[in-house]
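Number of protein chains: 2
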Amino acid sequence: MSQKLQAPRGTRDFYPDEMRLRRWLFDHFEEVARRYGFEQIDAPIVEHEELFTRKAGEEIVEQLYHFELHDRRLALRPEMTPSLARMVLARSGSLRMPLRWFSLPQCWRYERMTRGRKREHYQWNMDIWGEPDVTAEAELIAAACDLLDRVAIPRGDVKIRINNRKLLEQTLAQSVLRERPERFAPLCVVIDKIDKIGPDAVLELLTDPGGEVALPPEDGRFVVDWLGLRDLGDALSSGPAHSSGGAELSRLFELLDAYGIADRVVFDASVVRGLAYYTGVVFEAFDTAGELRAICGGGRYDNLLETLGGRHTPAVGFGLGDVVIGELLADRNLLPDCTRELDALVFPFGETERRAAVGVATALRKQGLAVDLVLNEARLKRVLSDADHNGARRVYLLGPDELARGEVLVRDLQSGEQHTEPLAEPDGEPPHN
Amino acid sequence: MSQKLQAPRGTRDFYPDEMRLRRWLFDHFEEVARRYGFEQIDAPIVEHEELFTRKAGEEIVEQLYHFELHDRRLALRPEMTPSLARMVLARSGSLRMPLRWFSLPQCWRYERMTRGRKREHYQWNMDIWGEPDVTAEAELIAAACDLLDRVAIPRGDVKIRINNRKLLEQTLAQSVLRERPERFAPLCVVIDKIDKIGPDAVLELLTDPGGEVALPPEDGRFVVDWLGLRDLGDALSSGPAHSSGGAELSRLFELLDAYGIADRVVFDASVVRGLAYYTGVVFEAFDTAGELRAICGGGRYDNLLETLGGRHTPAVGFGLGDVVIGELLADRNLLPDCTRELDALVFPFGETERRAAVGVATALRKQGLAVDLVLNEARLKRVLSDADHNGARRVYLLGPDELARGEVLVRDLQSGEQHTEPLAEPDGEPPHN
Chain A
14 MSQKLQAPRG
24 TRDFYPDEMR
34 LRRWLFDHFE
44 EVARRYGFEQ
54 IDAPIVEHEE
64 LFTRKAGEEI
74 VEQLYHFELH
84 DRRLALRPEM
94 TPSLARMVLA
104 RSGSLRMPLR
114 WFSLPQCWRY
124 ERMTRGRKRE
134 HYQWNMDIWG
144 EPDVTAEAEL
154 IAAACDLLDR
164 VAIPRGDVKI
174 RINNRKLLEQ
184 TLAQSVLRER
194 PERFAPLCVV
204 IDKIDKIGPD
214 AVLELLTDPG
224 GEVALPPEDG
234 RFVVDWLGLR
244 DLGDALSSGP
254 AHSSGGAELS
264 RLFELLDAYG
274 IADRVVFDAS
284 VVRGLAYYTG
294 VVFEAFDTAG
304 ELRAICGGGR
314 YDNLLETLGG
324 RHTPAVGFGL
334 GDVVIGELLA
344 DRNLLPDCTR
354 ELDALVFPFG
364 ETERRAAVGV
374 ATALRKQGLA
384 VDLVLNEARL
394 KRVLSDADHN
404 GARRVYLLGP
414 DELARGEVLV
424 RDLQSGEQHT
434 EPLAEPDGEP
444 PHN
Chain B
14 MSQKLQAPRG
24 TRDFYPDEMR
34 LRRWLFDHFE
44 EVARRYGFEQ
54 IDAPIVEHEE
64 LFTRKAGEEI
74 VEQLYHFELH
84 DRRLALRPEM
94 TPSLARMVLA
104 RSGSLRMPLR
114 WFSLPQCWRY
124 ERMTRGRKRE
134 HYQWNMDIWG
144 EPDVTAEAEL
154 IAAACDLLDR
164 VAIPRGDVKI
174 RINNRKLLEQ
184 TLAQSVLRER
194 PERFAPLCVV
204 IDKIDKIGPD
214 AVLELLTDPG
224 GEVALPPEDG
234 RFVVDWLGLR
244 DLGDALSSGP
254 AHSSGGAELS
264 RLFELLDAYG
274 IADRVVFDAS
284 VVRGLAYYTG
294 VVFEAFDTAG
304 ELRAICGGGR
314 YDNLLETLGG
324 RHTPAVGFGL
334 GDVVIGELLA
344 DRNLLPDCTR
354 ELDALVFPFG
364 ETERRAAVGV
374 ATALRKQGLA
384 VDLVLNEARL
394 KRVLSDADHN
404 GARRVYLLGP
414 DELARGEVLV
424 RDLQSGEQHT
434 EPLAEPDGEP
444 PHN
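In order, the protein sequence lines correspond to chains A and B. Residue numbers for the first sequence follow the numbering used here, beginning at 14 and rising by one. Residue numbers for the second sequence follow the numbering used here, beginning at 14 and rising by one.
To be clear, the hints were calculated from the coordinates, so they are not data collected in a lab. The structure displayed is predicted, hence computed values, not measured ones. Do not take every clue at face value.
If chains are identical, the list can't say which one is meant, so a pair holds when it fits in one copy or spans any two.
[Unchecked claim] In silico lysine to any residue, SDA-like type, Cα no more than 20 angstroms apart, as pairs:
#, residue 1, residue 2
1, K172, V423
2, K379, R163
3, K209, L347
4, K131, G381
5, K379, D159
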């Protein structure tokens, strides 16, 4: 088959079966967002490339779907946050903070293709703007847990790792980065790879004399040891005294206890997330079996609006992709049974009955029913088989006898019961308006 | 403001207000599709460029958002039909015809910017595959009329012009195109401009000796005269005897009468639609005031699957864009009042009450309510003003007195009435799982 006849590699077609699953998942995204008082927004999938490349060194820039058109450098969004920030900036005078906004953007990244990887995915984004307190992080993490519950992932199969870049930064500022604080951002980019490449390879990258971080070996070792911490108490006692990053984490864990989700979150000093704009708390949901990529990732990005030339505006958010959670549900056999539903199939035996059949279908549709109308001459056996295949509840049969009596025969496909109903619009008196 | 901080020209940001309107419109699209038994599908917004450029000479190709990435020529979809055909082709062995599929794709065209023009729009696509009879056209046109009714456009403000390319082709095959039938497709591209440029300019293009059609002047005049026909009887009597195209139109108008929409459709010999793949009935909805572009356009494209190398499979569909119908509704002051809705705002007076407030919000959300929780210390006056601004129905107030009594004060913002409710989770007994 010619290349043009296939969807580009790493992209998905959604046939009705796949679309019903997507709708099921999106409905849950929207319902959780509604319960948490979030309003939906959207932005164009194409933006000026510069919006996404304002900071170098991120993997995301190398993976951009970018192009030039009529002298403009454009790109498909790899993530929603820059567009969101642009929107907040454009109306910063009139928007009433705090904002609770969610979106369901499709995002594109040109990644190397391996099993289960896609180049596009839909991402449920939830963001709170204008709130500096970690109460915002707590709301977001609680919402993410609610989503996991709604799609019936067993409690315990997914946990959320939490860290605070500030705690790491404040710790390193007193030690290995005291003379070189500017290396913190590239250091985070390296650390973010730890799940993929392991601590030894991270140590190698951190201490590579030709790299951007270029730590002496003992300093690299200090960092990697720190990343191994999994107990917040240990981190607080070995970190700097009075670290605001540490205090935020303590408070956040207390709040999460108030939400009843203390058992679903863990401290993890190795979580930094890959994006350069994060400034504080960062978190990610992962499957405890350790088989998948992060299910959801987010954090605080208080400086992003300033980076774009706006006023300091605290913000925090997360993104949860449809592909990874779909894999998790499929692996656990938790995908719901979303079959097609049809209330009625209307079948005129021949052309003589077509006009009356149109009247029956129209009347049923006016009542709000989902109605298929057989559009050509067909054999009853085939029609009943189609009706069954399409999940129809009832078939409305209209033959010459029914038409002569001004009736339609209604068969319930589950019970097999039959009854007749009068034709609302007798043939010969079409509804002229 | 720097360019990167603006959405690309001709694209839209959807802030919550605009997004609620979009949702309102999409909900109507989906509801009509459901009632007509259509299943939703989707395809990637990026396809191989070749899928869209398989035929030259169409305006749509010049307006393509196309680009090259890692040696692949890609493009943003300007319309949905080619992707749809690709999907049908890929599963042609297993799909059970007829198919009733709908989609809500965003489509991109790089058009010259004038007032009200956009470079992207969302398009409600409804297509029936596998049905050769005009019963399929009738279902689709009835569905489009139902949509117009649902969004409350006054009957009569929008009509649907119907024509059949076959009738035109059969007429011209016996006259001006007898020696040159291959010029029919480019002729349609020219004719499609008649609304924009008028009959004189169309005549000029048709008879331009350097153009693709290059008719002698008297033949061009014959075509333009034909295009002026608005009565199907006239067309049938001046067209060829036994034209199958004419017979299809007669039957279609009869069927539309059975749907009760005979008053909403007119024959118009000038309608051909711009896309090269149409083969039979074509139609478009237009505002009778004549102020806007076509609201909806569609037709039969029985040969498209063969063009892509598949088996002959009859198909017919339409697209209805969100931008034009939005303009029509705005012009007529028919846009609905979609304000934010919030069931409850929960307000802890201070940090002491936060834990209990989280419990209240969580309990209300579990009941399915849309709940905003005040995330920081705020003054009551400001909170009440925010609640009002955000459309909240009730405010849950939690001060030290309420907490001491194990209660929360509930104020109904419409009636002003107040009552207290017990706190479900007394503070000190957080729900540990």
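Hint check:
In this assembly of identical chains, K172 and V423 lie within 20 angstroms of each other by CA distance neither inside one copy nor across copies; the values are 52 angstroms within and 35 angstroms between. Within a single copy, K379 and R163 get their C-alpha atoms only as close as 33 angstroms, which misses the 20 angstroms cut-off; across copies the closest is 11 angstroms, which meets it. Taking the closest pair of Cα atoms, K209 and L347 never come within 20 angstroms of each other, the shortest separation being 26 angstroms inside a single copy and 54 angstroms across copies. With identical chains, the CA atoms of K131 and G381 are never at most 20 angstroms apart, being 38 angstroms at best within one copy and 34 angstroms at best between copies.
For the identical chains of this complex, K379 and D159 are inter-copy neighbours only, at 9 angstroms across copies versus 37 angstroms inside a copy, given an alpha-carbon limit of 20 angstroms.
In summary, the numbered hints that this structure violates are 1, 3, 4.
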